[in-house]
Amino acid sequence: MRVEAYERFFMILAALLLVLGIVGIAIGALVAGVHVPSPAGRVDPRTLTTTPPFDQPGLRDLGGGKYEAVVIARAWQFQPDQIEVPVGSTVTFTLATPDVIHGFVLTGTNANVMVIPGQIAQVTARFDRPGEYLWVCHEYCGFGHHQMFGKVVVR
Amino acid sequence: MSATARPQAFAGQGAIAREGIFLAEQLWPIKGQLVLALLGLAIGGIMGLIQALDRIGIVMYKAMLMQTYYQGLTIHGVLLAFLFTFSFNNAFVSLMAIRGFERPLASTFLVQGAFWTMLVGTLLAAYAILTNQATVLFTFYAPMRASSLFYLGAALLVISTLLTALNLVLTRRAWQREHPGERTPLLGFVGVVTYVMWALATVGVVVLVVFFLLPWSLGWLKTTDPQFNRILFWYTGHPIVYFWLMPAYISWYLLVPRQVGGRVFSDSLVRLAFILLLVFSVPTGLHHQYVDPGIPTVMKVVHLFTTFSVVFPSLVTAFTVMAALEDGGRARGGRGLLGWIWKLPWGDPSVTAQLLAMLVFILGGATGIVNASYNLNNVVHNTSFVPGHFHMTVGTAVALSFIGISYWLIPYLTGRELMGRSLALAQAWLWFVGVLLFARGQIAAGLLGEPRRSSIGEAPYRDLIHAGLDNWLTAIGGTLMVISGLIYFIVVLWTVFGGRRLTQPLGIPVAEMRFGARETSPLLDRLGFWFLIAVVLVAIAYIPLILLYLPLQSVSPPIKVY
Chain A
-17 MRVEAYERFF
-7 MILAALLLVL
3 GIVGIAIGAL
13 VAGVHVPSPA
23 GRVDPRTLTT
33 TPPFDQPGLR
43 DLGGGKYEAV
53 VIARAWQFQP
63 DQIEVPVGST
73 VTFTLATPDV
83 IHGFVLTGTN
93 ANVMVIPGQI
103 AQVTARFDRP
113 GEYLWVCHEY
123 CGFGHHQMFG
133 KVVVR
Chain B
11 MSATARPQAF
21 AGQGAIAREG
31 IFLAEQLWPI
41 KGQLVLALLG
51 LAIGGIMGLI
61 QALDRIGIVM
71 YKAMLMQTYY
81 QGLTIHGVLL
91 AFLFTFSFNN
101 AFVSLMAIRG
111 FERPLASTFL
121 VQGAFWTMLV
131 GTLLAAYAIL
141 TNQATVLFTF
151 YAPMRASSLF
161 YLGAALLVIS
171 TLLTALNLVL
181 TRRAWQREHP
191 GERTPLLGFV
201 GVVTYVMWAL
211 ATVGVVVLVV
221 FFLLPWSLGW
231 LKTTDPQFNR
241 ILFWYTGHPI
251 VYFWLMPAYI
261 SWYLLVPRQV
271 GGRVFSDSLV
281 RLAFILLLVF
291 SVPTGLHHQY
301 VDPGIPTVMK
311 VVHLFTTFSV
321 VFPSLVTAFT
331 VMAALEDGGR
341 ARGGRGLLGW
351 IWKLPWGDPS
361 VTAQLLAMLV
371 FILGGATGIV
381 NASYNLNNVV
391 HNTSFVPGHF
401 HMTVGTAVAL
411 SFIGISYWLI
421 PYLTGRELMG
431 RSLALAQAWL
441 WFVGVLLFAR
451 GQIAAGLLGE
461 PRRSSIGEAP
471 YRDLIHAGLD
481 NWLTAIGGTL
491 MVISGLIYFI
501 VVLWTVFGGR
511 RLTQPLGIPV
521 AEMRFGARET
531 SPLLDRLGFW
541 FLIAVVLVAI
551 AYIPLILLYL
561 PLQSVSPPIK
571 VY
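Those sequence lines, one after another, are chains A and B.
Mapping the first sequence onto my numbering, position 80 (from 1) lands on 62, and the numbers just tick up by one.
Every position in the second sequence, counted from 1, becomes a number in my numbering once 10 is added.
There are no misleading hints in this set.
Covered by chain A, per the in silico footprint, the following chain B stretches (three or more residues, Cβ under 8 Å): (1) 151 to 161; (2) 233 to 247; (3) 295 to 303; (4) 317 to 331; (5) 385 to 393; (6) 470 to 483.
Far from chain A, some chain B residues (derived; all Cβ distances over 12 Å): (7) A34; (8) A73; (9) F221; (10) L446; (11) R450.
In case anyone wonders, no lab produced these hints; they're calculated from the structure.
Cβ coordinates follow ideal geometry from the N, Cα and C atoms, glycine included.
Looking at chain A on its own, in the form it has when it is part of the complex (with noise of 0.2 Å):
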């Protein structure tokens, strides 16, 4: 096959992209510490307002500065919609549905994870500057989809 010059340096040129863009990715997760959602189990969605932890949706001190916040997303409100926390806490949210897909994107953090049917979802954030961070519903989800928000209160 006929390769000139011109068309081979480009090549090489996009494949080193390509590697830089990976190494970029692989130092975002090992020396960064940022990784995307891994599963955390599953549930039936059917008998989930009986099922721990949903059965008691809430905030959970789990002690030295870690918190633990059980969230139920459901057509069209967060199960608890706010929470409060200290400056410098570590808050795991732990959500799952009981009706169809929702999303969680907590703004000014990574935190970002769908709400599925069947799955319980987890993202960790930690909060190190005092205010209010909005957390919004991300995926569609009927008509009042609009409607569902919620806040972390940071004091």
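Chain A is fixed; fit chain B onto it per the hints.
Relative to chain A, chain B alone:
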């Protein structure tokens, strides 16, 4: 099949028409699908106005006769992402195959069947959506239930493309029988590769609709597994973007160079790019599901690598197309490092629309790499960054290219001169400026956390995101795109109904090669071999995923929430 076949004399015929390769009974379904495509673009496009103005609090879906914001959004997505692209692809690629192989399509039954299934599928889906029985957006994720008619309609649209795929493969085979030992003509080859890739890509959505959603919506299945259904959806949902894009590539690679007076760099590089797209397009779906909770992390990493591989042929495209443009610009007297750019025929609306589409695609591709970048996706997933990205790819690189193609295709098919050339030029520039403002707004708002596919105008949290200026840019840019679309349809209708009869027949602009097919390795012409490699890669990307995922979590009955 071709017993009654006769050459059709239609106005605007090129020299090839007289050789009898365009049969009347094959041309009307092609033209018919083009009409369906333009109807989809018109109705789907006008809905975009609702979404654009919604960003600045102007809620107008009721004025547009929609029951909810999301009904309009469903029409926008289904008509533009499925009907417009599928119909245009069927029509355009069939036509290019006839021209490329210099023979009629192998089967008149299949090309007519493609038209009828597209029409019936459109009517079924449109009925379900317009009666608010399918306000499920173009992703129709379970367990949100749509009317069975919607799933059936969507399936028919896919079947229409598969009939076209079969016809193209048969046409290539017929050509090979007629030309033993010769290299397949490039213009025919790239269309066949596009459709063979797509045939492999449809397996996911076909299984999803036939084995899950249709029986589930009819009540034969009580429950389904939403996470597994998403895996099937995105198996098709990523390669579909290459199905949208590759016909535009066909024009960029093989037609635009002729329109600007240049030559294609080499036959082999074009073939290589299309074959790489065939091989790598499909096993990449999980990069749409990086933040799905039920998918093993190791498989997300596997798909990260395959996704980055499929970027490569698009980077090669950037080089080859740019080289052909430079060749044209220099042949027209362009001097210096960049002087050739100004010598390109910017007065030709067909060329200008496609050059601007290419420029926007650079940004569209770059933002796509952000989405594909695994953990970086955490920042942008399902935010308005994503529609910001894909209005630069499918919404411009593809749509504006198709518009540019139609500026020669419609005169070619109707035998009428393109009317309102300066309007058409203004249309292309307006779209270009519009999409840049729109994407700038959507991308910046997305980085601040504004969700996609939400009625921001009605959202109680609208002011908490602090994307006021960005939302204004989105609204202005989107409105400019809709105005550009309206101008486009003025030009089209004026041309079709009031255009002067062409005195000189038009030909399809097909570029010459600097290095032709003779220098291409025979390996690059072996479609079956590359298809097999694609299948193996799909198996590597998906079989371990399914094994790790099983057993199915079938826990969701249908739910209607709209």
